[in-house]
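Asks: Each chain is listed here by its residues.
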Amino acid sequence: MNKNYQSTYSPNTAEIKNEMLKEIGVDSYEELFVDVPEKFRFPNLDLPSPTSELDLKIEMNKLSSKNSIPGEFSSFLGAGAYRHFIPSVVKQITSRSEFMTSYTPYQPEVSQGTLQAHFEFQSMVCELTGMEAANAGMYDGATSAAEAVLMACRINKNFTVNIVDGVSPLYTDVIKTLTQASGINIEHKDLNTVLAGSDEPPACYVVQQPNFSGEIEDFDKLTKISKLNNALLIVITEPMFLSMYKTPDHYGADIVVAEGQSFGVSLAYGGPYAGLFACKKKYLRQLPGRIVGETVDKDNEKGYVLTLQTREQHIKRDRATSNICTSVGLIALMSTVYMALQGKMGLKYLSELCYHKAHYAAKKISQLDGYEIVNSNFYKEFTVNCPKPVKEINSYLHENKIIGGYDISSKSQNKMLISFTEMNSKEEIDNFINLLSKIK
Amino acid sequence: MNKISKRKLLFDQSIKGKVGTTLPSMDIPEQKLPNSDYLREEITMPEVSENEIVRYFSSISQMNFSIDHNFYPLGSCTMKYNPKLNDDIAALPGFNEIHPLQDTETTQGALELMHHLQILLAEITGMAGTSLSPMAGAEAELAGMLMIRAYHINKEDFKRKKVIIPDSAHGTNPASAVMAGFEVVSIPTDENGNTDLDALKSVVDETTAGLMLTQPSTIGLFDTNILEIVKIINENGGLIYGDGANLNAILGKVKPGEIGFDVIHSNLHKTFTQPHGGGGPGAGAVMVSQRLVDFLPDPVVTKTNSNFNFTKPIKSIGKMGAFHGNFGALVRAYAYIRTLGKEGISSISEDAVINANYLRTKLNDTLDLPYDRICSHEVVFSAKSIKEKYGVNALDIAKRLIDYDIHPPTMYFPLIVDEALLVEPTETESKETLDDFIDVMKQIVKEAETNPELLLNAPHNTPNKRLNEALAARNPKLSWRDTLVSD
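Going down the list, the protein sequences come from chains D and F. Numbering-wise (my numbering), the first sequence opens with residue 1 and increments by one. Numbering-wise (my numbering), the second sequence opens with residue 1 and increments by one.
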């Protein structure tokens, strides 16, 4: 240990520490670690030497530049994470240290800022999804889906779950991981098989809208499924889609979950994001995660608190609805500020803009030799049958400063899932299509 | 701005026609829209101008206490300074703008960082392997317990249904163990604050899958029986899960892997300074011993020649999230470890433990000290005597601290201490701040004697006085729409 080392993040100098040790009544800090078995005390620590701020910034600049960056590249990659524009206000507000460096609002009198912002978030998620109640956010869309499955099983006291074809395999994997020890039996079925009904209804049907390949599932069929029996309908969806299309309550959803990232959250290589989680009010007591409620204080002034905490692990321990503790407060705030900025008109306009761009591109691609659009009804993302393996196409596109779509091929197919947002200019889209036309 | 209008929700401020941001132009020919049966008529969102939105959020933010403004000695939460440098590095476009599903050949910089972080965390904890994919501490706990489950099942040992957890543990421990399919057996803590060895021996058997242990414990003590505990569990075929919530106390002082832990997680938002954000995001790296490496969550980053890749361990418990963890938090943790380096990382625990023991020594005669011995990075006091003498409790003391601009310590936790006040000063607080806290605490105890009303009605200067939590639960108003319905 270098005795001369002084951390910039620790204000007490060696001299001050010696003074404190004297007050404590020991001669050295080593005496404060006597409870650690001697044999294992003060091990060698093989770490690099300290780095200065300047040196680290230079190194990290270099390291981060090794990545191909959407923005420098045109990107048509989606599949559950989307590149949308983020207004400056979002970052400015969420960088405020009052929001960024505060803890979970367990002490409501000194956390009204966080609590009120969470309350706005819950309100906005309810409006967006058409549901009656929402929590303050889960880790991401996929863990929201897994928690929804567990919730449905608790509600119906039934451990069979039907995942309807079209749910993202990335989500299915997470549902499997998080439920693997809960005695849950997962069955994969296509929509029409589910529609035919079964003698033993499951706890829930899980559908994705639009589905992983971009197809919008038929509203009437979903409505019928929701009325088949007492199984809950869990709809996994996406906020930009919800800004334009009818909300899932119109086709009978009991629980709506979504990846909230499209709304004001950077791609950041996959996280942190925020999972949206909303449901009908009758299921409130089984809702996992943090919930903020309005109340009054001793002077009868309005204020906000964490509520229904008897569902949560810090009170209920082994009988909690979930083990979730730390969630995604700051990310939920990003989406809250984003929704506030876009407001009623902005969300609808942006959503339609994505629609128009995707449909413009689809029309052009369908005219190319060797390409075929798989979907009949889609929103901002669709699947293309390509003349060559997707990896080959993407490699060619990358040489031309384009990040292509997601490879969803199986066996001999060459299927590419491509996505369009307001970030893709007409020029970019035309250039992309022109390059595709050169691959035959 | 007066108090009332500051509290008015955006939804209530909305005026038709106001616009919050500019919109990009429609630069492509408009396409035919779907049948209107599919489309929503309108979406109810606030209509407020941009500058009003900025003022609204800035104003409500000022109702928060935060680590940049206040001493925040919240026990077990490690509320320490969050270096600004880390935020800048995480915001570099090469980290912040990249898509999680890009071909890994185009994200080698990100993978290299993750790979190095895996190695650094394994070194710090003395473990053989790391997965960075859990998105919070509780998710890492679940990952760890699922690995322990998979390990026994892989050995065709199906009888291990039981997990032992001391009564001082965080609530997430039992909740995670249950999600991982186990029955929880709780054991007591002895009068010295150690795990009760007799109780442990009486419940451990061939059905024991493992033990979940926080070290140092939530009462801020390093268990002096630790080697005995590990031996008892291992002899019975169980594994040790280490809850790393209190890792800050032992960085560079002891490696959990070396004393026989099989799993330890790290809350990167505590020990490694990802800002807590008013309740997240966090990140929960999970490190394991050699015998669990094959069970790690999917993915881990591996290196072949000079190429980095995502790999699924052969017996992996699976994916913990849609992608590969909270990358933004990983970048911050990495920047933090690199800034401090070997010397700095070791100095964290040293400084944190000195600060906690300083408070213990100086407040020993002001509050009850249920465990009167050298503590770790946090110290648990009790307000039991004060309650008996003056009729004010731990909650009242906590709320009165707010009037002195200090965030309350963790109250009523751990559950095994009456009227608990769990104080964690962290290494980033100066002696001056601690001396202030000591003076304030002595002052409050004096007030308890002379003017208990001051405490009972505290806090006095906050936007809200004490809030009615029972009412909130009895009559849930959880959204703006709920508030439109009169009671």
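Worth flagging that the hints you see were computed from the coordinates, not collected in a lab. Glycine included, every Cβ here is placed at the ideal spot set by N, Cα and C. There could be a bad hint or two in this list.
[Said to hold, decoys possible] Computed footprint of chain D on chain F; a stretch qualifies when at least three of its residues, placed anywhere within it, have a C-beta under 8 Å from a C-beta of chain D: (1) 134–140; (2) 234–247; (3) 305–314; (4) 447–453; (5) 465–478.
[Unchecked claim] Calculated pairs, DSSO-like style, for lysine-lysine (alpha carbon to alpha carbon, straight line, at most 27 Å): (6) D:221 <-> D:415; (7) D:176 <-> F:16; (8) D:17 <-> F:162; (9) D:302 <-> F:431; (10) F:16 <-> D:91; (11) F:16 <-> D:62; (12) F:303 <-> D:57; (13) D:157 <-> F:162; (14) D:176 <-> D:227.
Asks: All hints are to be evaluated individually against the structure, with a verdict given for each.
Replies: Now for the hints, and whether the structure bears them out:
1. 134–140: holds (count 5)
2. 234–247: violated (count 0)
3. 305–314: With 0 residues close enough to chain D, the hint is violated.
4. 447–453: violated (count 0)
5. 465–478: Satisfied; 11 residues make the cut.
6. D:221 <-> D:415: Given that 27 Å is the threshold and the Cα spacing comes to 26 Å, the pair holds.
7. D:176 <-> F:16: violated, 46 Å
8. D:17 <-> F:162: Cα-Cα ~45 Å, so violated.
9. D:302 <-> F:431: violated, 38 Å
10. F:16 <-> D:91: It holds: about 26 Å lies between the C-alpha atoms, which stays within 27 Å.
11. F:16 <-> D:62: violated, 48 Å
12. F:303 <-> D:57: holds, 24 Å
13. D:157 <-> F:162: Cα-Cα ~23 Å, so holds.
14. D:176 <-> D:227: holds, 26 Å
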